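S.K.: One line per chain: the protein sequences are C and E, in this order.
In terms of my numbering, the first sequence opens at residue 533 and continues consecutively.
In terms of my numbering, the second sequence opens at residue 5 and continues consecutively.
Any given hint could be a false lead.
Stretch by stretch, here's where chain C covers chain E in the computed footprint (C-beta under 8 Å, at least three residues) [unchecked claim]:
id : segment
1  : 143 to 155
2  : 166 to 178
3  : 292 to 302
4  : 331 to 341
5  : 349 to 356
With a cut-off of at most 30 Å between alpha-carbon atoms, the simulated DSS-like pairs for lysine-lysine come out as follows [as the list claims (entries may be wrong)]:
id : chain 1 : residue 1 : chain 2 : residue 2
6  : C       : Lys650    : E       : Lys43
7  : C       : Lys771    : E       : Lys147
8  : C       : Lys694    : C       : Lys771
Simulated restraints, written as ranges between beta carbons of each label pair [stated by the list, open to error]:
id : chain 1 : residue 1 : chain 2 : residue 2 : range
9  : C       : His718    : E       : Val28     : 32 to 40 Å
10 : E       : Leu20     : C       : Glu751    : 34 to 42 Å
11 : C       : Ala714    : E       : Phe148    : 30 to 38 Å
12 : E       : Phe358    : C       : Ala714    : 23 to 31 Å
13 : E       : Gly149    : C       : Tyr803    : 21 to 29 Å
14 : E       : Ala331    : C       : Val797    : 33 to 41 Å
15 : C       : Phe681    : E       : Asn188    : 47 to 55 Å
16 : C       : Ala714    : E       : Ser325    : 53 to 61 Å
17 : C       : Val746    : E       : Ala331    : 18 to 26 Å
18 : C       : Gly593    : E       : Lys147    : 47 to 55 Å
19 : E       : Ile215    : C       : Ile698    : 51 to 59 Å
20 : E       : Arg244    : C       : Val647    : 48 to 56 Å
21 : E       : Val211    : C       : Ile698    : 57 to 65 Å
Don't read these hints as lab results, they were simulated from the structure.
Note that this is a predicted model, so its numbers are computed, not measured.
Backbone N, C-alpha and C define an ideal beta-carbon position, used for all residues, glycine too.
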Amino acid sequence: MDLSAINPVLLIASLMVAATPLLLAAIGELVVEKSGVLNLGVEGMMIVGAIAGFAVSVETGSPLLGLIAAMIGGALLSCLFAFLTQFALANQVASGLALTLFGLGLSALMGQGYVGVKPPAMATLDIPVISDLPVIGPIFFSHDPVLYFGVFLTAAVWYALKFTRIGLVLRATGENHDAAHALGYHVIRVRVIAILFGGACAGLGGAYISLIRVPQWTEGMTAGIGWIALALVVFASWKPWRVLLGAYLFGGINVLQLNLQAAGVAIPVEYLAMSPYVITIVVLVIMSRDKTSAPGSLGRIFHASS
Amino acid sequence: MIVLEKRPQPSRAWSLMTPVVAVVITMIAGGLLFAALGKNPAEAIGTIFWEPLFGEYAFFYRPQLLVKGAPLVLIAIGLSLGFRAGIWNIGAEGQYIVGAICGAGAGLAFYPMESVFIFPLMVLAGALGGWCWAMIPALLKVKFGTNEILVSLMLVYVAEQLLASVSLGLLKNPQGFGFPGSRNLQSYESAFNAELIEGSGMHWGVVAAFIAVILSYVLLNKHILGFNIRLTGEAPRAARFGGVNPTRLILFCLGMSGMLAGLAGMFEASGPAGQISIDFNVGYGFTAIIVAFLGRLHPVGILLAGLLMALTYIGGEIAQSNLGLPAAAIQVFQGMLLFFLLALDLLTNFRIRFAAKGAA
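My request is simple: use the sequences and hints to build the entire structure.
M.R.: Here it is as structure tokens:
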């Protein structure tokens, strides 16, 4: 065992990379849940985004087009969820599960020809002098643009929820859809837009894994990150900045356990690999004592007649 | 303009019809999918649904229907109890794995001793293993109000790692030339879950599935506990006023579904699969969710849905080897089925009216 092989600066830099897919998916889901909808299909939308982005960027040679395709892919899949829950008034838990099962199958089907292919690389930020600074350079100034976009998105969602009219309407819809309806807001319309936003974010998060973090395509490569993102929203008590904090925490655990595996710690690999999931459970237990912050209408079906 | 009007009572006719209509629509949509993949849709659908039952090699495939259907039905019966009461155990895959590990482990502990008591002991161990694994989300929910959906699902990933760990370590075959995986239980007579009637596919797991169907039917229709489960699902407020104890209900539903999933895993490991290996689980725990919904959370419906889903597995394998249909296409097909089912469920609870705009 050689713990000195773990470089703290690289650890923090790779932690930020590991946290980004989680952050993107969780911020999307936060907005969805704030509107009063529980979409359990995050895992499905992520994996479809992962393969859609991968396929498009391999075919076109442009990572940017791939990322856009991933967002469209995730949003398209979430359309199905929006239709089922908002228009066909189906149970949200069951519909979300259906979305995940379907997404996993669909992505495996789409990804058949892409196993072992290398995607075009995404350029990372490279500012002369600043990016070369010791410690600060690798941590803050030499990542890919999507990572910065994730942080920007967190800030934007925080601002929109707290200070804008759109955010207010969204929160009202989530807290009490009957009251929002009575005030003349279009509950269904608000929720559909939120679901599509969540789908696009999850898709982008998925593509970040297949295009930047790994970067290659394997079946089922999201490996539960979508579900951890769902847990993260609970962990964060539906607050954007806490999502960022949580994502970095989970990213840190994941990177650390990978580093420990590589360093050959005496703990068996399987136990290290299960640690992120076990820690998610522990965190859920600690955070779920406080139920007050969940949106009031979360998971409830809205129909104007009832 | 289309207007939805809530029915005072869910329609019984539509409730029975939706699974059938959903299957038909899925066949059509599946046909389109297969056509898009460059296969002849009629041939592909025929291969999946006709070939295993009435084709040239049907004598070989028909027993498989029971072998593949049994774990699906067993797990789905357990899940349906919880789903009815709004308790969502979606980690059946994990409970299935742990049940298999415990069951096989109990048997292998006695190797090479032969005794009639070994197999019953393995059954108990398998059931207990699945039960314990499901008790984790159950107790956390009861004690701390933790979301059982997320916890049970996280435990699937933990169980998968556990499976990898035991197939490489604890249960690894000492005479296996270093290959991962346990001893083959098929060649250990006392632990082998053999066919009860030669060539029928009927093993103890199939028997257990039938018993589970009957018992859950009795439970739901004749027992106060079953009534409480249904009441909690349909009218939670009324259930609370009626004095239904939610804690007991959560422990019972999650424990029961874990136990049945554990049993399914144990019967699979000791019979058709024969050993514990890294890729032992094939997603029965997740497919069983589709089975439970397709069967309308009703025991008899689940039995039929389980057989149908087993058919798509077997037919899918035939289509894979004969037509070169990708394995993932079948997964998509199964996922689509759940979509159409959920969408069509609208017709059970709502009436669709075409009204002039402004009239509503």
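S.K.: Confirm or reject each hint.
M.R.: Evaluated hints:
Counting residues of the segment 143 to 155 of chain E whose CB falls under 8 Å from any CB of chain C gives 8; the rule of at least 3 is met. Here the segment 166 to 178 of chain E counts 5 residues with a CB under 8 Å from a CB of chain C, which clears the bar of 3, and the coverage holds. Interface restraint, the segment 292 to 302 of chain E with chain C: holds (3 residues with C-beta to C-beta distance below 8 Å; minimum three). For the segment 331 to 341 of chain E, the stated coverage by chain C is satisfied: 10 residues place a CB nearer than 8 Å to a CB of that chain, which reaches the threshold of 3.
For a cut-off of 8 Å, the count of residues in the segment 349 to 356 of chain E with a CB near a CB of chain C stands at 4, and the three-residue condition holds. Among the hinted pairs, lysine 650(C) with lysine 43(E) is consistent with the structure: their alpha-carbon atoms are about 29 Å apart, no more than 30 Å. Taking the CA atoms of lysine 771(C) and lysine 147(E), the gap is about 25 Å. The hint holds against a cut of 30 Å. Taken as a hint, the lysine 694(C) and lysine 771(C) pair is honoured in the structure, with Cα atoms around 10 Å apart against an allowance of 30 Å.
For histidine 718(C) paired with valine 28(E), a C-beta distance near 35 Å keeps the hint of 32 to 40 Å intact. Between leucine 20(E) and glutamate 751(C) the beta carbons are some 37 Å apart, a value that agrees with the proposed interval 34 to 42 Å. Range check, alanine 714(C) to phenylalanine 148(E): about 35 Å between beta-carbon atoms, so the 30 to 38 Å window is met. Taken as a hint, the range 23 to 31 Å holds for the pair phenylalanine 358(E) and alanine 714(C), whose Cβ atoms sit roughly 27 Å apart.
A beta carbon spacing of about 28 Å between glycine 149(E) and tyrosine 803(C) agrees with the range 21 to 29 Å that was offered as a hint. Separated by about 37 Å at the C-beta atoms, alanine 331(E) and valine 797(C) satisfy the suggested range of 33 to 41 Å. In this structure, phenylalanine 681(C) and asparagine 188(E) meet the distance hint of 47 to 55 Å, their C-beta atoms being roughly 52 Å apart. At about 59 Å, the CB distance of alanine 714(C) to serine 325(E) agrees with the hint of 53 to 61 Å.
Checked against the hint of 18 to 26 Å, the C-beta distance between valine 746(C) and alanine 331(E) comes to roughly 22 Å, which is consistent with it. For glycine 593(C) paired with lysine 147(E), a C-beta distance near 54 Å keeps the hint of 47 to 55 Å intact. Roughly 56 Å separates the CB atoms of isoleucine 215(E) and isoleucine 698(C), a value that falls within the hinted 51 to 59 Å. Distance hint check: the CB atoms of arginine 244(E) and valine 647(C) are about 52 Å apart, consistent with the given range 48 to 56 Å.
Range check, valine 211(E) to isoleucine 698(C): Cβ separation about 59 Å, and the 57 to 65 Å hint holds.
The structure agrees with every numbered hint stated previously.
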